[in-house]
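Chains as they are written, first to last, in this note's numbering: chain Z, 20 to 306; chain F, 271 to 450.
Hints are computed from structural coordinates only; laboratory data are not their basis. Check before you lean on any hint, since a few could be wrong.
[Stated by the list, open to error] Here are the simulated distance ranges between beta carbons:
hint, chain 1, residue 1, chain 2, residue 2, range
1, Z, 209, F, 402, 41 to 51 Å
2, F, 308, Z, 110, 50 to 60 Å
3, Z, 43, F, 417, 53 to 63 Å
4, F, 319, Z, 209, 23 to 33 Å
5, F, 311, Z, 225, 26 to 36 Å
6, Z, 261, F, 448, 38 to 48 Å
7, F, 319, Z, 297, 14 to 24 Å
8, Z, 88, F, 309, 54 to 64 Å
[To be verified] From chain F, some residues computed to sit far from chain Z (all C-beta separations above 12 Å):
hint, residue
9, 337
10, 347
11, 394
12, 395
13, 401
14, 404
15, 416
16, 420
17, 428
Where a beta carbon is used, it is the ideal one built from N, C-alpha and C, also for glycine.
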Amino acid sequence: MAHLRESSDKALKLLRTLPRVQIGNLRPNPNSKQNDKRGRAQHGGDKHGAGNKGSGQRQNFMRLGYETGNQAFYMRFPYEPYYKGHHMKREYPPISLLQLQVLVDTNRIDVSQPVDIATLCNSGLLSLKPAELQYGFQLTDEGLDNFKAKINIEVQHASEAVIAAVERNGGVIRTAYYDPRSLQILANPKKWFEKGVPIPQRMLPPQDAVEYYTDAKNRGYLANPEEISKERLVLAQKYGYELPRIEDDADYEMLTAAKDARQLFLGLEPGWLVNLVDKTIVKLKKT
Amino acid sequence: MAASIKLMTQTLLQRSLTALSQRSLHTQPAIFSSFRSSRQVQPLEQYPEVEVVHNPPEWKYVERLLPPQTVPQPVAKADYPSGWKPQTADGNSDGYFVARTKNHMVPVYLHTRHRGQRRITIVRRIQGDIWRLEREVRDVVERARNGKLCATRVNELSGQIHVHGDYVDVLREHLKSKGF
Numbered sequence: 020m021a022h023l024r025e026s027s028d029k030a031l032k033l034l035r036t037l038p039r040v041q042i043g044n045l046r047p048n049p050n051s052k053q054n055d056k057r058g059r060a061q062h063g064g065d066k067h068g069a070g071n072k073g074s075g076q077r078q079n080f081m082r083l084g085y086e087t088g089n090q091a092f093y094m095r096f097p098y099e100p101y102y103k104g105h106h107m108k109r110e111y112p113p114i115s116l117l118q119l120q121v122l123v124d125t126n127r128i129d130v131s132q133p134v135d136i137a138t139l140c141n142s143g144l145l146s147l148k149p150a151e152l153q154y155g156f157q158l159t160d161e162g163l164d165n166f167k168a169k170i171n172i173e174v175q176h177a178s179e180a181v182i183a184a185v186e187r188n189g190g191v192i193r194t195a196y197y198d199p200r201s202l203q204i205l206a207n208p209k210k211w212f213e214k215g216v217p218i219p220q221r222m223l224p225p226q227d228a229v230e231y232y233t234d235a236k237n238r239g240y241l242a243n244p245e246e247i248s249k250e251r252l253v254l255a256q257k258y259g260y261e262l263p264r265i266e267d268d269a270d271y272e273m274l275t276a277a278k279d280a281r282q283l284f285l286g287l288e289p290g291w292l293v294n295l296v297d298k299t300i301v302k303l304k305k306t
Numbered sequence: 271m272a273a274s275i276k277l278m279t280q281t282l283l284q285r286s287l288t289a290l291s292q293r294s295l296h297t298q299p300a301i302f303s304s305f306r307s308s309r310q311v312q313p314l315e316q317y318p319e320v321e322v323v324h325n326p327p328e329w330k331y332v333e334r335l336l337p338p339q340t341v342p343q344p345v346a347k348a349d350y351p352s353g354w355k356p357q358t359a360d361g362n363s364d365g366y367f368v369a370r371t372k373n374h375m376v377p378v379y380l381h382t383r384h385r386g387q388r389r390i391t392i393v394r395r396i397q398g399d400i401w402r403l404e405r406e407v408r409d410v411v412e413r414a415r416n417g418k419l420c421a422t423r424v425n426e427l428s429g430q431i432h433v434h435g436d437y438v439d440v441l442r443e444h445l446k447s448k449g450f
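Just chain Z, same shape as in the assembly (with noise of 0.2 Å):
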């Protein structure tokens, strides 16, 4: 036993003088490594995993879904093209009527003076990408019972629903469209002003968005007014509520003030010149 003890005395002699085990004195866990290069011919040349012959060896990897000459299976059916157009499709992101009631609770937004784009971004609680191909905002019937406020709002998409539920409370609503160009500037006026740049004239809507800016029914702002006064009663009928009257309103000028087709900004006229620090206005001189 006595070269045992003598063996283990050595072991410990030892281990006292050896640096202790840490981060700086240990090498990895053997064949955990991946050597980065692969030897050729008697260096441990072989297939490399890429198999004999043919496609594999090559490492002619195929395109996703590719069947080598078969009709492909994702190309096996007829389909309904969904997303057919859809980097051209026009997206109107949505405020429900609830949101507005807030908007308007909390006094975020002025319902004394017509609201529109410019209004409801200035709130800071809503923003529009024009960029991203926002084209304005749709106004959707949720909170539609519990909508109270008397407003004139200019959106770009409502549906019926919402059509009766604003007009029920003695308020009124259209639908219009605005250019990119426009919409880049309601969504921050301010910083449109502080360019120094004039004011440009809105431009018409494109072919497919006539039919529907000119429809009495969704209270387009190309319509017919004395269609969409017929339109007002019709749909108070068709949802069973009275109509208030607009023109015995105290309101009135407020209610029925409403933007030309032409124009961006409410009682300011395209090619006008805003500056903001001296507060003038510049104007072309008539003649």
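Got chain Z sorted already, so can you dock chain F onto it with the hints?
Then chain F, alone, in the frame of chain Z:
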């Protein structure tokens, strides 16, 4: 030589300063403008005749288009059809206080993780006796889930209570009914 350079820079500086003070109409300083984006000046005959109107009657329309600098204070009304309520409680009777957010909303949020599989309701901005509110929250949530137990987690330092599951509407209504 050095003295003459100093004199030159001084006169240049003076000239630019006088130019700055003489500019009556506000224009953007040339150093901040981009020559690439600005249009070149055309012959003056091509421009229409304009007049600068001071104190224009249309300025009220411009003011409407400028965003408010701060979040406006809510106006007291008889009723709020949207269900939003102003804060009425000051926390003296309850021992705790839940502050409103800068947008005057109740600070109850839903956090979803693991592809919507884990839903955690978070009540934030709690001051005072957070453990008392936690007991109340647990009570309300357990009533909403028919007496089944409710798991909560309290972060005393940051004043937050995390509740397992989606109980945002329940807790928000509860806090509103207590006046927070």
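Which numbered hints are broken by the structure, listed smallest first?
2, 9 and 10
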